Every structure is written in structure tokens, then in C-alpha cells.
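First to last, the protein sequences are chains P and S.
Per the numbering used here, the first sequence starts with residue 1, numbered consecutively.
Per the numbering used here, the second sequence starts with residue 1, numbered consecutively.
Hints may contain errors.
Stated by the list, open to error - Derived SDA-like pairs (lysine to any residue); straight-line CA-CA distance at most 25 angstroms:
id, chain 1, residue 1, chain 2, residue 2
1, P, 14, S, 184
2, S, 232, S, 184
3, P, 45, P, 14
4, P, 14, S, 144
5, P, 14, S, 148
If you're looking for bench data, these hints aren't it; they were derived computationally from the structure.
Source: prediction; values computed, not measured.
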Amino acid sequence: MNKTSTLIIHNLKKTKGQYISFGLIICLTACIMNIALVLAFQTFKAYDSSFSELDTADINFMIPQVSDDSEIIDAIEKIDGVLKVEKHEGVFVSAIVREFAESDFDMKTVFYNLDESRTLNRFHVSEYSEEDEDIVYIPMYMKEMGGFFENGNITYSVDDKDYTYKIGGIVSEMQYGNYGTGLIGAYLPAAAYEKFSAEHREQTVTEYSLRTNDTVDLSKVKNKITGILSDKGITALNINDRIACKQTRTMVCTLLIVIFLALAAIILAVSIFLSSFRIRSTIEDELAQMGVLKAIGYTSKLIICSSVWPYTLVGIASTVIGAVLSYIALPYVAAILAIQSGFIYTPVFDAKALLIVIIIPVIIIYLFAYISAMKIYKLGPMGAIRGKSGNGGAGQNILLAVLSIGIMVLLSFAGTLLYNISVKPDNFMNTLSEESPSVVFTVQNDKMSELTKILQGDNRVKLVLEYASTSVSYVDGSLIAFVSEDFGKVTNDICYEGRSPVGEDEIAVGNMLAEDYPIGSKIEISISDKASVYVVTGYIQSVNNAGKVCQLTNKGYEKIGEKMNMVNVYLHEEIAEAFIEEYEEQYDTLITASVNYEQLSEAGRTMYAGIVSVVAVVLFVISVLMVLLVLYVIINSMISRRRQEFGIYKAIGYTSRQLTILTVKQFIPVVACSSILSAIAGIWYLPVINQTIFSQIGAMKNHFEVSIWILLAAAILFTAVALFISVLLSAPIKKITAYSLLKE
Amino acid sequence: MSRQTVISAKHLKKSFGKKENIQTIYSDLNIDIYKGDFTVIMGSSGAGKSTLMYSLSGMDKPDGGQIDFDGTDITKLNSDKLAVFRRSQCGFVFQQIYLIDKMSLMDNVITAGVLTSRNKENIKNRAKELFSLVNIPEITWKKNPSQISGGEAQRAGIVRAVINNPNVLFADEPTGALNSANGTAVLDVFTSLHEKGQSIVMVTHDKKSALRGSRILYIKDGEIFGECDLGKFAPDDTERTEKFEKFITEMGW
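With the sequences and hints as input, model every part of the structure.
Written out as C-alpha cells, the structure is:
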């Protein structure tokens, strides 16, 4: 580099603005990439480390305490790969949590004795209250999502009886600390637990916690457990394993990592094209100069080196700065993630991430810069001095088109994400959840048809649908079953392949079972000692239950279980609270419980949409920033290249306004055409991008609406910004006299 | 005493264009350039003066023929080897000057100097000597090309061209873009360098510039149409001037 250092420094100084803008983009890329990589490298590890620290069991399952006997533990201890088994007592109930995110939320809750000694599934409590009675310790998820806080009150309604406790502290544990697993923990001090369990003897459960060796296949162990229980005529109330739990609790983190990495890749691609554009422009601009360098003895390699190294050096510096800056944002990102994951971790410096963040972009920058500069090999000194580059502006227009398309992909993705979160939030929620009715009523036995009739006659009601979710078993463990009278009526079709069940012998299964159960195959589903075989008709998605779900028709379910007494009510307007109040008062003989799902959806929407809309806004801001930077580089380079030409135009009588129009006309048609084409193509490619990203968290069926109007608006915005910047950047032409331009 | 040939070109061929539009510049041109000569190549516009000069210097490849440059057949060198060859063997002065803009004159010269020497101090010292030789004051060394006059820029261009002690200094219409006073100053530098033993090949259609040469070659119809030895330049030598005038008249100037 000794021979070229003067030229490299000269190049860096000469177009400082260009390198600064390039550096800013790379800095941004590195920042986003480092956040994604640190999250990828540390969140899951932090989860595992907390998992080990708290001696969390690899598998947990619960059975009614009345069904438990000493033979079960003996049999389970003999399963290959099981190292340790520990039993805990709990009370497993369906509890309505009052004022959970300002609504009543029916949550399957296990109440544990906080003081019970345990060596597995230990937990950490933020602080212990001095009081002992009417105190409960809740998981962080309840605090963050439900809006509860230390020393505040929480009310659980179990079997129509309200239990109000003061929140003594926050529990960190790794198994039931997130409702995504379908179960949430609550921890009562010994006295409070004794009191509570005495009132719910029938719901007292024995939880078996198993520690297995690392190499064992957890599903095989679960299979054997189900076999042991089945032989005794017992159905597990819940069976949960390490892998599924981790997947659920790190869902948003995975989503963020995927989005951030995709974003970093797009920005990197745009900046690479930008550097490529700049190098090609420089070759065009400084053709004669390069010819002279060749004349005085510079080899092509040395000249290429002087073009490529400034970008590489800026790349190295910017990636380091970007990676360092990301550590300012990381604690905030981790805090946002903690809301959903239910466990806190503090991001620390990650050398591996830093190396990747520096090495990958820098190698790509170097390679692309080198490829762009390779044209110099073909330049003869004579031809260059005489201004024969052998290549016109077509290549630059192609680059400009590629850059425009790249930015449009970003803008369109961000715009579509925002649109589906803010304007059409149901699309977003339907992607991440199952049915979202306004109200769910639990109906008295045999009163379903009576209530349904009343509801159907109510003109405020849009749809009435018998729909319930419950737990069933299959050979490898338990599944959440969605049971409905008619899946053709559902408002959120979660079936992404094949179809939902219609007949009583049919079933649709979750994506986790798709590999083992092809469409047309048979699966045995059981509840306690009743089992039936169903034909798989399709696959359904489920984000919240790690894909371990199924759909059964009412009749299909009734072959193994009792008739479900739940009905979904979909209202025309958002009046669920008043509606419930009215129905509970008028039809108290028909309704045993009601859930304001409208409020609940809103709470979930606020939580998930809150996180994702932050990401979408960040995406949007980054996209606009990219537009500004890219256009600055391109337009500035175009104007500086044509300054002498402008001087000639001015000399022969062109006005500054005409010259500005001339500049704008050179690239705005390319920008406009590529962005409009990209917008139109977005109708096809955006669903693929959305599908790819959301399938990473199990959302196999993406409900996002890709609006052509949003895409066209993005294209118009992009073109308008391009126009505005070009006019802005052309302004200095006014101040320069024809003579001074010509003199240059 | 026989003169030492520094460049010997045989059977040179060069044409531009393709198929029907082919324009032959020369098809069998032979030329020798001697060490220590100030060779001036003249000819009418489009005769191929510059093309010939750039072929002789390895800047452009002829379509055929051989060019022996101080013992090396440069037609056999690839572009990178030619670049390395040019570093020590050739210096170039262009009509449009082509100093690197936004780079000081000193750095412009160093940019060429670092190609043959690793010692920047030595390069700087030699550059200072040369700047003094071409009458560029120290205050100007740090200025950028856009901040100085055309004459100063061209003289700085000469300093860059000779910083590596080239075997032959090539100049393509070096005064073509300068006014009379600046042109004379530049020509004085060439004369001064020639007096110090520098071999020079200059292409020009300017009589005043051509008169500085010791040997005039006239190109016409793709061949060396005529040649005239003028000897060393002396400003008041009317006999020399008349000889030159007679020669170019005979050539059809």
C-alpha cells in the first residue's frame, strides 16, 4: 500500500462527503447486524444459562394427584436418558385473572407452594414479603403483560370464587413463566397455599419434573411417559419440554433477529451497489487522470488498489463504530424482549459478533469494490486520456435501478408492516393468534342451543360460533385442540395446507406434527382412557403453542371427550364490556363464565404490536434515511461529473432552472420507473418475504394484506424525495458562474 | 561519432476503426530516436504524430512491428509490465497537463516519485530541486492545480515527468493550452533539460516550439517524410531558424 497511500489519502479527502455517507450506511448496517447477532448469540444462551442455573427440568408433566401412585415414579426413573425425577405439588385450575391488562383473562394457572423444597424447577424471587398470608409471587410475564406490580393486588377467580392477593415479589423461573406455553405459574407462601389447596382438593396435581441427559430425544421420553400413564388410564393434564418452552419464550426475539438480519442484508446490498456506483462513476469522471497514472507507471492493480482501499478502510472503521454504537441500543432492545420472553438478560460485549460484523461486510465491500474497479484493467492509458472508457451510462442506470429497487423493498416491507399493525391490526393478530371473537361465553350444560338462539337473534351480534380449546393427548405428548361446530365459519383460518376437519373422523394438526403425519395419514387422539383415530386433512399454524395443536369438529371431539360448552360471540361493534354485563345479568342461568376477548385481544395487540411497530417504525426511518443518503451520493456524483458540461450550457444561455431540470431528467425517470415496477412486483414478492420471516416463529399462514396503494405511495414518496433532494443538491449550480464552471 | 539509439521502431503499423471505416495511420513506419536528442515530431493535423509518440513510449500498442526501447521490445510487454517499464524509462507532459486535482503540486510529484523510490525524503528533495529548476516558488508547492496558472501547472507537470529520471521525456503539444509567455517559460524548461542531457521527444504543430528541437521529423502519409538536424537551440541563431523554415516549407507546411 506504500505506493498508493498518497492516492488513497487523496481519494478519501477529495470526496469526503461521499465516504461519510457511505460510512454512515455501513455504520447503520453494522449496528443492526450486531444487535441481531448479539441477540442470536446471547439470548438463547442466556435462556439456557438461566435454565441451568435454576435447575429447570427438561420435561414437566402434571397428573391429578388422586391418580398418582409410587409405581409411576419408579417406571419413569427407568426410562432411558432420565437422570432424575422430582415431584412437586400444585393446584391446576382455570383461573380468571381480573384486570389482566385491564380485562378478565382466563388463564390455566398452577398454584405452587413457594416454600416447598425443590431441587428441580427452582426459581428466583425478586424480594420476599414479610407477610405470609394473602401473598402471591407472580412471574415477570404477569407483571409486564398484565400490568401488575410489586405490592399491588391481583385477583384470581377460581370456580366463581375470587382470591385477592397482594403481590409479594416477582418470580423468575424458566418453565411456566410465559403464557405462550399455555400455562402460567403462581406461587403462594405455605400458609396461603394450604388454605387455597384445601379448597381445591380435586384440582390438586402432582407435577413430575424430569432431568434427562443432553443426548436423549425428548419426544421419545415424552412418548414413553404417555405410554406409562396410558397403561394406568391417566391422561397428563399438561406436558411440557425444554425445547418447546424455549421456542415459545424466545419467539419475538427470533422474529427480531430475522427482521434485523434481513434488514442488515438489504442495507448492505444497497450500500454495496452504492459503492459500486461510486467507483464506476469515479472511473468515468477521472478517466483522464487514471490514464495519466497509467502513463507515469501505475499498474492497473495499483490504481484499483487506490479506488478499493478507501471504501475498505471506511468499511472497517464504520463497522467497528456501528458495532460499538449498537451496545447503546442493545439494553433497550433486551428490555423490550423481556416483556414477551418473561426473563431478563443483560447483553454484554460479544467478540464473535463483532468479528462477523466487521469481516462479512468488509469482505463483501472489498470484493464488490474490486469487481467494480476491474474495469480499470481494460483502460489503456491512451484511450483513458482521450476519454474513451468503452462503457456508457447504461451501467449506471442499471445500478441506480437496482438501488431504487433495494430501497423500495425496504420501504414497502416497512410500510406493509406498519399498515398491518396500525391500520389493519386484525391481520397482524390473526397471523400470530387463533380466533379473536369479541366475547367468549362458557355455557351451562345443555343450555348451548338456548343461548345460541338468543345470541343469533341479537342484531348486535355478527356471528355465533361454538368454539373451544382444550387439551388432548397423542402418542408423543399433549396437544391443544381447537374444537368447533364448523371451521368454515371461523374468522381466522389458520389452516395453511390442506383443509380443516369437516367430518367427525377428521383432524387438522399443527405444523410441529406435519413431518410425522402427512395429509391422509391417521393419528390417535385420546383423553383419559378414551381414544379415537382421526384422518389428517390439513395443517394448522400456531405461534403460541409451538405448533403442537389440532382442530377437531364438535362431533369428532365428543368421541373422546364431553361436549364443550363454550361459544364465541363476534360483535359488529366494540361493545364487549357492556354486552357481557347485560348478558350476565339477563341470562345468569345460561352463562357460567364470560371473557372479554375484545379487551384481551387489544392487550395482546398492544404488546406484540407495540414491539413490532417499534421495529416497523425503525425500519421506515432507516428506509427514508437510506433514500436520503443514497440519493445524496448519486445526485452529488452526477452533478459533480457534469459541472463542466453545465458550464458550457450556461455559456450558451441555459438558465440554472433549465440545468436543474436537465439533472433531474437524467435519473428521475429511472428512479420512478424502478420504484413503480418494484411497487407492482411487491404484490408478489412481499407475501413471500412476510411468509418467510413469520414462518420462523411458526406463523405459517401470513394474513398480512399487501396493499398496492401503500406500495404505490411508497414509490411516489421515494420518487418525490428523490426529486426534492435533486433540486436541493442542484441549488449550488445557481451560484456558480459559467466561467468558473468551465475553468474547472 | 555515431549516435546512440534509444528507441528503434521497425515496420510499425497502426490503424483505427473497423471494417469499412478503417483509417490507416501508418502501415510500415520506421524510426530511430537517439539518446540526448531533442526530437520534434511535426506534421499536419491527423497525420498520426501523437499516435506515433504514444506507440514509441509504450502508452499505446501498435498493430504490428517492433519497438526496441533501450534493449527491450516493448511491443511484447503486457499492460502492467509496460506500466512498470514506463516508471523509469519514460516521462510524460500532456497538452491538458492532467495534474491530479485537489492534490498539492508536491503530492502530485510524489505520487510519481513513490513508484521508483521508497524514500519519500529523497523524492521530496529531488522535487524541490526540480521545482527550483522550473522556477516554481516554494509557496506554490502546497497549492492545488486549480490555484495556479496554466504555465505553472505545466511546469509542475514537467517536474512530475522527470522526477524518476526518465530515459526519454515525451511531450505532447506541451504549450498547446498556454499563452505565449507561459509557453515560452515551459519551452525554456525543455531546453534547459535538454542541455543537461535529457532525451526528449516532443509532438507539436507550433513552429516556435519545434524550433527548440535538435532534430525535426516530419510525418506525412504514414511515413517519416523528412528529417532535419538543427543542432542545439540558440535563440539568436538566425541561420538555424532559416534552415528550419526552409525544411518545413519543403515539407509542405
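Hint by hint, here is what the structure shows:
no.: 1; hint: P:14 <-> S:184; in the structure: violated (33 angstroms)
no.: 2; hint: S:232 <-> S:184; in the structure: holds (17 angstroms)
no.: 3; hint: P:45 <-> P:14; in the structure: violated (46 angstroms)
no.: 4; hint: P:14 <-> S:144; in the structure: holds (12 angstroms)
no.: 5; hint: P:14 <-> S:148; in the structure: holds (18 angstroms)
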